[in-house]
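**Q** One line per chain: the protein sequences are A and B, in this order. Residue numbers for the first sequence follow the working numbering, so the first one is 1 and each next one is one higher. Residue numbers for the second sequence follow the working numbering, so the first one is 1 and each next one is one higher.
Think of the hints as simulated: they come from the structure by calculation, not from any bench. Treat the numbers as computed from the prediction; the structure is a model and nothing was measured. Hints may be right or wrong, so weigh each one.
[Said to hold, decoys possible] Dumping the calculated BS3-like pairs for lysine-lysine here, alpha-carbon to alpha-carbon at most 25 Å:
1. A:Lys30 x B:Lys223
2. B:Lys248 x A:Lys39
3. A:Lys39 x B:Lys223
4. B:Lys243 x A:Lys39
5. A:Lys23 x B:Lys248
6. B:Lys223 x B:Lys289
7. B:Lys289 x A:Lys39
8. B:Lys289 x B:Lys269
9. A:Lys14 x B:Lys289
10. B:Lys251 x A:Lys39
11. A:Lys39 x B:Lys159
12. B:Lys60 x A:Lys39
13. A:Lys14 x B:Lys223
14. B:Lys37 x B:Lys159
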Amino acid sequence: MPFLPITYASTSTKILSSWRTSKPVIDYTKCTRCAICWKFCPDVAIDLVVDSSLKSPNEKFSSLEAPSIDYDHCKGCGICETECPFGAIEMVREEE
Amino acid sequence: MPLTIPREEYMEQGHTACAGCGAALSMRYMLKAAGPKTALAIPACCWSVVPGEFPATNLKVPLLYTPFAAAGAAISGLREGLDAQGKEDYNVFAFAGDGGTADIGLQGLSAAMERGHNVIYIMYDNEAYMNTGIQRSGSTPYGAWTTTTPVGMKRDFKKQNKKFVADLMIAQNVPYVATATIGYPEDLERKISIAKSIKGPKFIQILSPCPPGWYHNSADTVKISRLAVESKVFPLYEFKNGKFSLFKPSKTARLTDYLSLQGRFAHLKEDEIKVIEESVNERWSYLLKKEQS
Numbered sequence: 001m002p003f004l005p006i007t008y009a010s011t012s013t014k015i016l017s018s019w020r021t022s023k024p025v026i027d028y029t030k031c032t033r034c035a036i037c038w039k040f041c042p043d044v045a046i047d048l049v050v051d052s053s054l055k056s057p058n059e060k061f062s063s064l065e066a067p068s069i070d071y072d073h074c075k076g077c078g079i080c081e082t083e084c085p086f087g088a089i090e091m092v093r094e095e096e
Numbered sequence: 001m002p003l004t005i006p007r008e009e010y011m012e013q014g015h016t017a018c019a020g021c022g023a024a025l026s027m028r029y030m031l032k033a034a035g036p037k038t039a040l041a042i043p044a045c046c047w048s049v050v051p052g053e054f055p056a057t058n059l060k061v062p063l064l065y066t067p068f069a070a071a072g073a074a075i076s077g078l079r080e081g082l083d084a085q086g087k088e089d090y091n092v093f094a095f096a097g098d099g100g101t102a103d104i105g106l107q108g109l110s111a112a113m114e115r116g117h118n119v120i121y122i123m124y125d126n127e128a129y130m131n132t133g134i135q136r137s138g139s140t141p142y143g144a145w146t147t148t149t150p151v152g153m154k155r156d157f158k159k160q161n162k163k164f165v166a167d168l169m170i171a172q173n174v175p176y177v178a179t180a181t182i183g184y185p186e187d188l189e190r191k192i193s194i195a196k197s198i199k200g201p202k203f204i205q206i207l208s209p210c211p212p213g214w215y216h217n218s219a220d221t222v223k224i225s226r227l228a229v230e231s232k233v234f235p236l237y238e239f240k241n242g243k244f245s246l247f248k249p250s251k252t253a254r255l256t257d258y259l260s261l262q263g264r265f266a267h268l269k270e271d272e273i274k275v276i277e278e279s280v281n282e283r284w285s286y287l288l289k290k291e292q293s
């Protein structure tokens, strides 16, 4: 048997957006960048990004890392909506 | 804002766990605290299909699949092999479901703990054999509906109480035993870090709600795990070097708050809820007594 290296391929190239029936949408004017949604995401589908063009409750939040949802991997479970203490995430039904 | 848990991810996107999976969160938190120098053994359980098909995997750590009963034996071998190569800085973890821990894997676990290998055994407790279609396990609580304890014309729900594997491990005098849940990630991270710092066998039980198996809304996974602690159904405790400490939640919830969110308990009548309440209170006072002694 030939000597083969053990291969490694990441699953992050898989697109799982078809699993969803509704998707979370962040209202950045309510988001205080607490990262609780990032903490509780079972699909690691929330990234923390610094983007000053995003809206914020006031300018002291705009330089902080904001959550950004990776819609290729979000399965739409809705944990982020339940856990967000400021009601800044809303689940919106996906269109057919 | 400062993050309360480590930023590094060793679990990637694209895994095949159900939406709102508690076990996926358990793995994510465990690997955050475990770090890159980790070797992982997984017996047959949900997590043996979640990482993806070969050669793709969503875990950035080496992974060994083991037969159902052999997680304890596999981590013992991994540990000794790594030690023989001088890689003592690696941590060896088993990540097993409740079937592979409480029922089928119990002898392997008990033997590995008895031999005293420097390993960490994580039991993610979703309270039934979820991967094969929600069959009852030793860890399923009283009153729960499963496909092998069905509730229809005949009310054949589970009549036995949950087996507490963490209590068994305390009886075996394992150096570090803890229970944790995904609703308290900071506490979970702390417990894994303590386990890493102790030499010898360690055991941690993580309650991981399962939306299809518990029949709850996938959005409530974290909320239910927190309610399990607040309603004293799943007490968080630690056993370290012979000292037992019990976490007393600052906020308490009623038992019915916990039960009413889950479809598997929807059939319960008032007197049956009372039975659960009594056993929960009895266990809580038993643990309180244990803390004082």
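**Q** Decide, hint by hint, whether the structure agrees.
**A** Against the structure, the hints:
1. A:Lys30 x B:Lys223: Distance of about 22 Å is within 25 Å: holds.
2. B:Lys248 x A:Lys39: Satisfied, since the Cα-Cα distance of roughly 23 Å is no more than 25 Å.
3. A:Lys39 x B:Lys223: holds, 14 Å
4. B:Lys243 x A:Lys39: violated, 31 Å
5. A:Lys23 x B:Lys248: violated, 36 Å
6. B:Lys223 x B:Lys289: The given pair, whose Cα atoms are some 28 Å apart, is violated under the 25 Å limit.
7. B:Lys289 x A:Lys39: Violated, at roughly 35 Å.
8. B:Lys289 x B:Lys269: With Cα atoms ~31 Å apart, B:Lys289 and B:Lys269 exceed 25 Å; violated.
9. A:Lys14 x B:Lys289: Measuring from Cα to Cα gives roughly 51 Å; hence the hint is violated.
10. B:Lys251 x A:Lys39: Holds: B:Lys251 and A:Lys39 sit about 21 Å apart, inside 25 Å.
11. A:Lys39 x B:Lys159: violated, 37 Å
12. B:Lys60 x A:Lys39: OK: B:Lys60 and A:Lys39 at ~19 Å, within 25 Å.
13. A:Lys14 x B:Lys223: violated, 29 Å
14. B:Lys37 x B:Lys159: Not satisfied, since the Cα-Cα distance of roughly 43 Å exceeds 25 Å.
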